[in-house]
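Enquirer: Everything in the sequence shown is counted per my numbering, starting at 1202 for the first residue and increasing by one.
Hint data in this document are derived by calculation from the structure and do not stem from the laboratory. Some hints here could point you the wrong way.
For lysine-lysine, the following DSSO-like pairs were computed, each having C-alpha atoms within a straight-line distance of at most 30 angstroms [unchecked claim]:
id: 1; residue 1: Lys1263; residue 2: Lys1304
id: 2; residue 1: Lys1343; residue 2: Lys1304
id: 3; residue 1: Lys1285; residue 2: Lys1428
id: 4; residue 1: Lys1263; residue 2: Lys1245
id: 5; residue 1: Lys1307; residue 2: Lys1296
id: 6; residue 1: Lys1451; residue 2: Lys1284
id: 7; residue 1: Lys1418; residue 2: Lys1451
id: 8; residue 1: Lys1263; residue 2: Lys1418
All figures in this text were calculated on a predicted structure; none of them were measured in a lab.
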Amino acid sequence: MRFNNLLNGAQAQLDLNRIDYPFVEYIQLMIVSLIYYPFLLDNKNILIIGLGGGTLPRAIRKLYPTCSITIIEIDPLVDEMAKKYFYFKEDSNMKVIISDGRKFLKSLLNSINYDIILLDAYDSMSGLPVHMKTQEFFLELKNLLNLNGGLFIVNLVCIYQSYINVRLTIDSVFGQNNLITFRSTDFVNMIVVASVAIEKFPLVNQKSNIINDIQEKLLIDINSSLKRKQRQKQIHNQKLSGIIYRDDMKNMKSEQQMSLIEFVNIV
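All chains should be modelled from the sequences, with the hints used to inform the complete structure.
Expert: Spelled out as structure tokens, the structure:
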């Protein structure tokens, strides 16, 4: 599955011999990030913004059949394609809602808390959609996370100048020291994992069977994935130009590719 004018990459791929296997590497890294949730994930509430081919929610459902999974997808055609060509199926505890992700967050009015929120929204002109990379948006998202161990996992495309800005913006909401990153082998995707707890660095949950489950149920080589983990780099101290995005800014649509020096220092 490809979106808009993205000719050299794909957001969803499917191995027909292993339908539950998350073929795309960055999806694997998002799943591996679940090892930082500090409790058992049975009967928890999970929110996913961005359906794609349905690979991510299907894999999580395979891991945790008792979780309640809500998926927000703005484009009904994507929902149709996921079900028709990628064999994605809703069930009693996994539902797709056709809506803009941020409008959905605003509609909740703190009426529910999620244990895990995964953000995999994409706009070919601006990476993350413009209204989903501001400080106000990440604050709205953070306020919906369970204060007792809530985890935020986001996929960022890191070849553009906006990657620096979005990282600075996420830092401003969750704190620099609360982040773990996983970089894809092609250097295009960066998975950022943030703990909702102030000044609480995410740690691997050694008490659950999550690592074994990921390896046995999804056939993901977790040791290989963990090699993609990076220490949080102090962007503020690298003297790279960047801004914190806010809702009232007007210049977030213009994407500019990083210089080689910036790319090497950040990625």
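Enquirer: Next step is simple, just say for each hint if it's right about the structure.
Expert: Verification of the supplied hints:
no.	hint	verdict
1	Lys1263 x Lys1304	holds (29 angstroms)
2	Lys1343 x Lys1304	holds (15 angstroms)
3	Lys1285 x Lys1428	violated (35 angstroms)
4	Lys1263 x Lys1245	holds (14 angstroms)
5	Lys1307 x Lys1296	holds (19 angstroms)
6	Lys1451 x Lys1284	violated (36 angstroms)
7	Lys1418 x Lys1451	violated (45 angstroms)
8	Lys1263 x Lys1418	holds (7 angstroms)
When each numbered hint is compared with the structure, violations occur for hints 3, 6, 7.
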